[in-house]
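*Asks:* Chains as they are written, first to last, in the numbering used here: chain A, 1 to 290; chain B, 1 to 204.
Just so you know, not all the hints are guaranteed correct.
To be verified - In silico DSS-like pairs for lysine-lysine, Cα to Cα no more than 30 Å straight-line:
1) B:Lys-130 to A:Lys-183
2) A:Lys-98 to B:Lys-130
3) A:Lys-142 to B:Lys-130
4) A:Lys-183 to B:Lys-81
5) A:Lys-13 to B:Lys-130
6) A:Lys-142 to B:Lys-88
7) B:Lys-130 to A:Lys-125
8) B:Lys-188 to A:Lys-13
9) B:Lys-184 to A:Lys-13
10) A:Lys-183 to B:Lys-88
11) A:Lys-13 to B:Lys-179
Just so you know, the hints here were simulated from the structure itself, not pulled from any lab data. Quick caveat, the model's predicted, so the values are computed rather than measured.
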Amino acid sequence: MCELCERYGDGYKPWYHNPYCFCRPLYRRKKNIHGENTLEGRYGAFPPEERDVIDYTREAIKAKLEDFARYPELRDASSHYSRINAGGQVLTLEEALKMVEIAWPMELQGCRCRRWYEGIEERCKEDYTCMGLTPGSFKNGKWPEMFRGGQVFVTPEDAKQWVLRMNAEGFIHVTGTVGDPPKLYGLCACDYPTCIGPRQLRDYGITRMTPGHYVAVIDPEKCDGCGTCVIRCQFGALTRMAKQKKAYINMYRCMGCGLCRDTCPTGALRMEPRENFPALVEQWPRYNQV
Amino acid sequence: MFDAAQTKGQSDRSKGPDPYMLNEEMLKQISEQFSVEKGIKGLDEENKKRRMVVGGREFFTHFGESLAKMTAELGEKYDDKTYEAIRKDLLEPLGQQYRFPIVLQRFVEIAYLSLFPSLSFVDIREGSLKRLAFRINNCPMYGKIKEVFPQAAADLICQYGCVALGKTLCQQLRFDDVKYGVVKLVTKAGYCEFEACREEKKNV
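The following block holds chain A by itself, in its conformation from the complex:
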C-alpha cells in the first residue's frame, strides 16, 4: 500500500475511504494564526507550504526553458513540496463512487482551477466540475470571489450520478486534500491541459499528483486497436502501435485513473493493483525523503 494508506488509513484501504479523512469540526475556537496577508489567511484553505510549491514550480518551468542545467533539481523540489501535503491522488471510478457513499455533505461548485487557468466560468449545476466534500463547504460564502460561480448541495444519489457523468465525459477523479494529516476537502474532475496535475506531469515532469492504487493492463488478445483508450488517456500513457494495431501502455506513466478501461469497447483493459508491480510501487512518493 502507499505511504498515505500506512499513515492515515487506520485500517481502511485506501486511506481516502477512512471516514476520519472526511471529517471537520464546524467550529474552531482559536483565531487564524497565519494572518490576513498569507495564502492561508486570505483563502483559509492552503497550508503555508503551498507558497514553496508555487515558487519551486515557477522556477522549474522557467529553468526548463532558460537554464536546463537547473531544471532536474527544481523539478524534483517542486514534486516533493507538491506532495508534502498529499497532493491529489488519482482514483478509479469505483474508488470515487465509494467516496461519495462515505462523504457528507457534498456540494457541486465551479472549478476554480478552470477559471484561473483557462478563464472558464462554471455557473450552474450542469456545468460544475468540482465537488466539495466536507462541512467546510458551509463556509464558502466567506470567500465570495473564490466561489463566485456558486454551489449546490447534492444528495448521495446526485453525487453518484455526477461521478458517473464526469467519468463518461473523460475527466480524471482526483482527491483534493489539505493539511497534515490530509483532510479530504474535495473530489476533483481533472483533465489535461487545464489542470495542474496532468499538465505539470506531462509537460514538465513535475509529479504533483500521487499515483493511484491501480494501473491499467492490456490484454492484447482482446484489443482491436481502435485507439479509443489512447484518446482518453490524460497522462499520455497509451499509444497505438501502428504495426501490431494494438494499444500499448507505458505503465510508468499510468496513474491508474481507469478512464481507458471504462471506455474500451472490447474489455481489453483491466485495472490491477499497483502493488502487484514492484517497480511501479517505487513511484509512490516517500514523504520523509527530500
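Given chain A's structure and the hints, the job is docking chain B onto it.
*Replies:* Chain B alone, transformed into the frame defined by chain A:
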C-alpha cells in the same frame, strides 16, 4: 446557494467577530452555568454526603441533561452564518432528513466548546449520514476529577454526564431514530469517544 452573484467581489473577512463562528455571548452564557468548576463543586457535595458513587452518577446525569437543554435552546436562539448555510443551502433544498448528522454535530460542538473554553475544537471522527462520532482528548473535566477525587476518576463518574448530554441533545433535536452511546473511555483508551448512529429503518 449563497448569494455569490450579488456580492461586490469583496472578501467577507471584515475585522470583528467571524459571523461563521459561534456566538461568543452564547458560549459565555452556557459556560457560566456549566463548567469544570461547577462539576467539581457538585461532586464535592456528593462526596461530603458520602454518596459519591450513586450521587456522583446522578449529579453528572442531571448536569449533562441540563447542559443539553440549555445548548439546544441557546443554539437556536443564537444563529451564525454556518448554521444559516446548513438550513438554507442544505436542508431547504434537499429535505429535513439530512439534518443528521450535521445539525447534531453543531450542537455537540456548542456544548463542548462552552463547557471547556480551553478546547479549540471537537475532534470529529466520523460524520457520515449513518454515524456521527467524536472524541474528547485531554478532557479538562476528567483531568480535574482525577486530581481532586482519584477514585471517582477511576470509576469514571463523569461519563454519565457526557452520555446524558448526547442522549438529551438527540431528544431535544428530535433525532428519534438515532442511538447514542460510548465507543471508548479514557480509562482504557486515553480519550473518550462517543457515537450517534442512525438506526436503519426496517421495511414493513
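*Asks:* Evaluate each hint against the coordinates.
*Replies:* Cross-check of the supplied hints:
1. B:Lys-130 to A:Lys-183: Holds - the C-alpha atoms of Lys-183 of chain A and Lys-130 of chain B are around 20 Å apart, at most 30 Å.
2. A:Lys-98 to B:Lys-130: holds (15 Å)
3. A:Lys-142 to B:Lys-130: holds (29 Å)
4. A:Lys-183 to B:Lys-81: holds (23 Å)
5. A:Lys-13 to B:Lys-130: OK: Lys-13 of chain A and Lys-130 of chain B at ~20 Å, within 30 Å.
6. A:Lys-142 to B:Lys-88: holds (16 Å)
7. B:Lys-130 to A:Lys-125: holds (26 Å)
8. B:Lys-188 to A:Lys-13: holds (26 Å)
9. B:Lys-184 to A:Lys-13: Given pair Lys-184 of chain B, Lys-13 of chain A holds - Cα atoms ~23 Å apart, limit 30 Å.
10. A:Lys-183 to B:Lys-88: holds (25 Å)
11. A:Lys-13 to B:Lys-179: OK: Lys-13 of chain A and Lys-179 of chain B at ~28 Å, within 30 Å.
Of the numbered hints listed earlier, not one is contradicted by the structure.
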